[in-house]
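Asker: The residues making up each chain are set out below.
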Amino acid sequence: MSTPVVWIFVPFLIGLGLLAIQRYTRLSLLAGGICTSALALSARLLPIGRTFFVGPLAVRLADTLEIAGRRFVLGEAARPILILLFLGAAFWYFGALAARVNSFFAPVGFAMLAFFVAALSVQPFLYSALLIEMAVLSSIPLLAQPRQPVRSGVTRYLIFQTTALPFILFTGWMLTGVEAGNADINLPLRAGILLGIGFALLLAVFPFHAWIPLIAEQSHPYAAAFVFVLLQTSVLLFGMELLNQFTWLRTAPAISEILRLTGAMMVVAGGVLAAFQNHLGRVLGFAVVYETGFSLIAASLGGIPGVELFSMLFLPRIAAFALWALALSVALRACGSLSLGQLSGVGRRYPLVFGAIILANLSLVSIPLLAGFPVKLALLETLAVQFPVVAIWTLLGMLGLMAAGLRALGVFTAGEPAKNEAAIPISTQGLLLVGVFSLFLIGILPQIFLTPMLALLKSLPNLL
Amino acid sequence: MLISLPIGILLAAGLVILGVRWIWPRFPYTWLIAAASAGLCWLLTIYLRLRLPSTLSFPAWKPADLFHSSPVIVLDFVSWPFALALASLVLAEILTGVARTQPQPGPSSWVAAVALGGLGLFGVMSGNPLTLLLAWGAADLCEITIVLFNVHTREMSSRSVAAYAAKSAGLFFALWAVLTSRTHGPSLTWEMIQPGAALFLLLAAALRLGVLPLHLPFPTDPGIRRGLGTLLRLIPAASSLMLLARLPTTVAQEPWANLLVGFAALAGLYASIMWTLAENEISGRPYWLIGASSLAVISALHGQPGASLAWGLVLLISGGLIFLYSAHGKRSALFWVLAAACIAGLPFTPAAGGWAGLVGGAFSFWNILTVLTVEFLIFGFIRHATRASDDLSQMERWVQSIYPSGLVVLVASELFLGYKGWEGSFTAGTWWVSVPVAAIILWLSVWWAYRRGRAGSGQLSVPVPGWAYTTAVQGLNGLTGVLRLEWVYRLLWRALVQVDRILSALTTIFEGDGGVLWALLLMTVIVTLLQVRVGP
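Here the protein sequences line up with chains S and U, keeping their order.
In case it helps, the working numbering puts the first sequence at residues 1 to 464.
In case it helps, the working numbering puts the second sequence at residues 1 to 536.
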């Protein structure tokens with residue numbers, strides 16, 4: 001028995017099992033939520049590399065699995081990443097019960113999780129690109145509406161993600177020369193550029209961002225946000241693993257500058273473009289671009305503060321996007337459209353739903369008291385000391401996203417209050433309330449909720 | 001620990017009322033719970049005067065290498081006067097609420113009052129900028145929620161959102177101050193505010209108060225009840241006023257300081273005239289806020305934080321009194337007379353020290369405007385206080401007992417603050433300005449009362465001759481557009497429309513059929529540029 005079997009193959013098999021009961025969407029989602037919780041719990045509790053007893057049975061979980069000369073390694077250091085991915089997925093599964101996603105959500109989600117964990121654990125790393133591509137391909141049923149033609153956003157998503165594949169594969173091949181130390185002096189630079197382009201495509205860095213707002217507009221908001229967040233989290237962690245693994249990469253003189261400039265550009269582009277959108281899904285899409293930018297900026301800072309900030313950004317982001325996506329799904333069902341032009345005054349009929357959308361937006365802006373504030377304040381303070389100009393640009397992006405939220409608030413609250421409140425199921429209201437309270441709790445007590453995220457640092461010892 | 005009790009009592013009272021209403025919807029004693037908690041909070045705040053300064057640190061934010069400060073509340077000689085003013089306001093609003101019948105305040109109103117009070121106390125007790133940011137965030141969210149649930153027209157909704165946006169902009173200025181401070185060294189604290197950071201903090205406070213730039217999200221009051229509406233307008237202002245009172249003596253260098261004083265003085269004069277001419281005190285409420293706030297801002301700019309504190313208290317307590325003074329009785333005139341004397345800054349009243357912030361330094365043209373601002377504020381105050389209103393003697397006996405006690409709380413607190421509010425509060429102040437100002441006002445009031453008496457009670461709606469009124473209104477209407485910077489906003493809007501067009505075109509390019517090719521082309525350009533920069 002080995003850890004890759006437990007956290008890669010078992011989830012994949014669960015996904016296959018759920019495919020068998022996918023017609024019963026709620027059952028499959030419930031089962032998915034329970035299984036991901038169990039996998040997160042097992043990642044927290046199971047000892048790795050030591051013998052333990054299950055009744056009379058002695059079990060030892062090896063941290064490595066070899067398949068055809070390729071190694072999948074999930075050691076002690078990977079434990080926090082596994083907990084983050086599976087626990088985060090569990091929250092999304094339970095939320096999906098209220099979001100009315102399509103029947104592929106549960107099985108496809110497991111397949112994606114399995115591929116992403118595999119991508120983070122495989123050695124040599126160039127195979128990660130293949131595994132990420134498999135995760136991307138498996139996510140298509142989530143984004144495309146069943147029995148309807150595939151729309152431009154999904155096509156664009158496939159094109160960009162698939163284009164990233166050769167760049168990363170090619171980098172892997174070039175790195176053989178770099179690591180051997182007998183390569184051309186310009187080879188690390190070229191490898192770095194290729195790797196950068198690959199990651200730019202994977203992370204939807206401007207100008208490769210177009211698929212995000214398109215999907216956010218054309219697909220089910222909850223499924224789209226799930227794909228965005230899972231892809232973003234996994235690829236960012238993968239990128240940090242690479243920085244941790246390759247000395248030539250993290251010591252490259254320009255890497256920090258490129259990450260910082262790219263990050264700032266994404267924060268500004270995401271925030272400002274969000275302000276001019278007329279569709280709530282697209283606003284969420286640009287918020288994803290904006291948030292990726294923050295992670296890149298944090299990664300660019302280097303040292304312990306940079307990695308700490310990078311790790312702590314995940315929880316407020318996942319909480320905000322989960323709430324935002326759930327509220328958008330409920331809003332879409334209740335109002336039939338997410339275009340601002342058709343949502344005038346709806347906030348008075350569904351205050352909780354549209355209030356949740358605004359709060360999630362404001363949390364990402366980092367309005368005090370909400371989840372995003374503590375870590376972004378710390379990030380801005382660190383930036384102000386080292387790179388004040390970047391801090392100012394970042395503030396501009398934040399103002400842009402805030403303008404998007406306030407513009408939406410103005411539309412939601414325009415007009416007379418409705419006489420009759422349309423019914424939103426109690427369970428859905430409960431989930432929305434839990435989401436809202438979690439945003440406040442994380443914002444007020446970061447020492448309780450964000451400090452555990454620092455465990456992710458264990459997997460990045462060379463960056464500290 | 002004790003200093004958190006006033007906040008805790010008010011917030012707990014709100015939760016208790018909500019809980020009780022949920023279990024027992026017709027529970028008849030919600031007012032009693034609100035009044036008892038507000039009374040307890042008021043008494044406790046007075047008691048805490050004996051224990052100044054007191055500090056309470058909340059659990060530290062971790063990791064310490066990233067979070068340089070953690071939430072702290074502090075009660076010292078700056079925050080305590082504001083805390084007492086807020087506690088008095090909440091108690092007075094609940095006590096005077098018994099006399100308000102149109103519409104009658106209900107449990108939701110009491111919950112909102114105590115919740116706002118609790119958050120307001122948290123704001124004024126903020127021990128560092130981080131805590132103030134948290135308090136502002138909480139107060140803004142609370143305020144926008146209450147306002148949006150209470151306004152029912154499209155225009156008022158838009159204006160509420162605009163008001164929230166302006167306050168958030170102030171919040172960003174405060175954040176900018178924190179960052180500016182970090183670029184120069186240690187974290188920002190009240191004890192160590194660098195000049196660069198101080199200017200941003202002043203702008204944050206002035207923006208939230210609506211003074212710099214002058215902006216009136218609600219030119220007419222949104223129609224929220226007199227009591228709750230008063231708390232909604234005054235309590236959020238308190239923490240900004242507290243911030244002004246904590247600024248260092250040098251906030252801005254010349255010529256910026258003089259320019260900002262000029263803007264604030266013009267805004268103050270305009271607002272005070274509008275306050276005087278307003279139909280009633282409720283419709284004039286936004287102008288009172290800006291007029292009195294401008295005095296606090298100017299004092300801060302003149303390097304007189306103590307004077308800023310004094311004007312802030314006048315804004316809150318005298319303002320609170322006039323807005324809650326809905327029923328008039330024979331003996332209740334004493335309350336507004338005392339409150340008006342406090343605005344004038346007569347010797348040994350709280351604002352006696354306030355004049356030093358307006359006319360204390362070298363003479364300038366702006367001094368005249370600020371003196372006129374105070375004159376108009378008092379004159380408007382008297383005019384609105386003597387306007388016809390509900391007759392207290394026609395109300396039930398118990399109302400006649402409880403309602404005045406709310407006004408007593410306010411006046412007593414104001415006088416007590418003048419006596420023992422902070423170090424140096426009990427002073428004759430700049431009496432050679434305050435006494436003539438009061439004398440002029442007294443003379444004008446007598447003349448106006450005489451004219452009103454001749455015209456018949458209630459028939460003289462404006463305190464100036466007809467031609468002067470018409471000219472003033474025309475002039476002010478012209479000035480309004482300029483001072484409120486609406487022309488700037490219109491220009492900005494046009495620029496934004498152009499940006500929208502450009503971005504729409506870019507979006508069409510990147511999301512259209514040729515989008516992939518365009519993206520690849522742009523990527524090639526960026527990589528080429530990077531290669532040129534990084535390469536040999």
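Don't take each hint at face value.
Computed beta-carbon distance windows for the label pairs [stated by the list, open to error]: (1) S:Ile-392 <-> U:Ala-468: 44 to 52 Å; (2) U:Glu-423 <-> S:Ala-423: 57 to 65 Å; (3) U:Phe-58 <-> S:Phe-52: 39 to 47 Å; (4) S:Val-389 <-> U:Thr-528: 17 to 25 Å; (5) U:Val-497 <-> S:Leu-41: 47 to 55 Å; (6) S:Glu-76 <-> U:Phe-58: 30 to 38 Å; (7) S:Phe-52 <-> U:Gly-514: 28 to 36 Å; (8) U:Gln-394 <-> S:Gln-342: 50 to 58 Å; (9) S:Thr-155 <-> U:Val-497: 30 to 38 Å; (10) U:Val-499 <-> S:Thr-155: 24 to 32 Å.
Now the stretches of chain S that chain U is said to cover, found in silico as 3 or more residues with beta-carbon under 8 Å [as the list claims (entries may be wrong)]: (11) 88–98; (12) 148–162; (13) 300–308; (14) 321–332.
Everything labelled a hint here was simulated from the structure, so no lab data went into it.
Being a predicted model, the structure only gives us computed values, none of them experimental.
Where a beta carbon is used, it is the ideal one built from N, C-alpha and C, also for glycine.
Asker: Evaluate each hint against the coordinates.
Answerer: Right, here's what the structure says about each hint:
Judged by the Cβ atoms, the range 44 to 52 Å given for S:Ile-392 and U:Ala-468 holds: they are separated by roughly 49 Å. Taking 57 to 65 Å as the suggested C-beta distance range, the pair U:Glu-423 and S:Ala-423 conforms, at roughly 60 Å. Remark: the range hint 39 to 47 Å for U:Phe-58 to S:Phe-52 is upheld by a beta-carbon distance near 41 Å. The hint said 17 to 25 Å for the Cβ distance between S:Val-389 and U:Thr-528, and at roughly 24 Å that hint holds.
The hinted window of 47 to 55 Å between U:Val-497 and S:Leu-41 holds, with their beta carbons roughly 54 Å apart. In this structure the supplied range 30 to 38 Å holds for S:Glu-76 paired with U:Phe-58, their Cβ-Cβ distance being about 34 Å. For S:Phe-52 and U:Gly-514, the Cβ-Cβ distance of about 58 Å falls outside the hinted range of 28 to 36 Å, so the restraint is violated. Restraint check, U:Gln-394 to S:Gln-342: a C-beta distance of roughly 52 Å satisfies the suggested window 50 to 58 Å.
Between S:Thr-155 and U:Val-497 the beta carbon distance is about 32 Å. The supplied range of 30 to 38 Å therefore holds. A hinted range of 24 to 32 Å holds for the C-beta pair U:Val-499 and S:Thr-155, which are about 29 Å apart. Under a criterion of three residues with beta carbons nearer than 8 Å to beta carbons of chain U, the stated coverage of the segment 88–98 of chain S fails, only 0 such residues being counted. Taking a C-beta to C-beta cut-off of 8 Å, the segment 148–162 of chain S contributes 4 residues in contact with chain U, enough for the three needed, and the coverage statement holds.
As drawn, the segment 300–308 of chain S meets chain U at 3 residues by the rule of a beta-carbon pair under 8 Å; at three or more, the given contact holds. For the segment 321–332 of chain S, the stated coverage by chain U is not satisfied: 0 residues place a CB nearer than 8 Å to a CB of that chain, which falls below the threshold of 3.
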